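Student: Sequence:
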Amino acid sequence: MQYPARFRCRNLFKTVLVIVALGFLAGCEKLEFEQAGGESLDWDDLRGQWVLVNYWAEWCKPCLEEIPELNRVNESGEVTVLGVNFDGVRGQELVDLGDTMGIEFTMLAEDPGGDFGWKTPVALPATFVIDPDGELRETRFGPQTEEQLKELTGG
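Residues in the sequence shown are numbered consecutively from 1, following this note's numbering.
FYI, nobody ran anything at the bench for these hints, they're computed from the structure. Computed from a predicted model, the values in this text were never measured in an experiment. Honestly, I wouldn't trust all of these hints.
Below, computed lysine-lysine pairings styled on DSSO-like, alpha-carbon distance capped at 27 Å [said to hold, decoys possible]:
hint: 1; residue 1: Lys119; residue 2: Lys61
hint: 2; residue 1: Lys30; residue 2: Lys119
hint: 3; residue 1: Lys150; residue 2: Lys61
hint: 4; residue 1: Lys119; residue 2: Lys150
Just need the whole structure built from these sequences, with the hints factored in.
Tutor: Dropping the structure here:
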């Protein structure tokens, strides 16, 4: 027995509705990043504020010069600075390295770039500037000053 056309259309409509809903849910995946100490950082918690994702390395002299500037920007409370070790150092070794280098801002345990479609920078230091809407505004290479970063973020 075959259902009348109006029942087939309702089933088709329901199927399409479920597929569309699943598509929206798939696009709403929650982004969390592990911090150097093992805690989770929910990306959605950073919405509404400027975020600087800074790539650094122990051997990078300009990175060393930039760290105090980034610390001051982060301390202002108007901008969140997240550090990513270019060499992939993780765990307690990363925590210890950050302490040695005087890093006071949050360090991420791994590079978040893949989740956002960013390519790993080819020069250091590199700073990805994310606006309050969560969009990549620009990428800066070379050491940045507190003044430059505050001017950029309106701070």
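Student: Next, verify each hint and record whether it holds.
Tutor: Hints and how they fare:
1. Lys119 to Lys61: This hinted pair holds, its Cα atoms lying about 22 Å apart.
2. Lys30 to Lys119: Given that 27 Å is the threshold and the Cα spacing comes to 21 Å, the pair holds.
3. Lys150 to Lys61: holds, 22 Å
4. Lys119 to Lys150: holds, 25 Å
Checked against the numbered hints given earlier, this structure breaks none of them.
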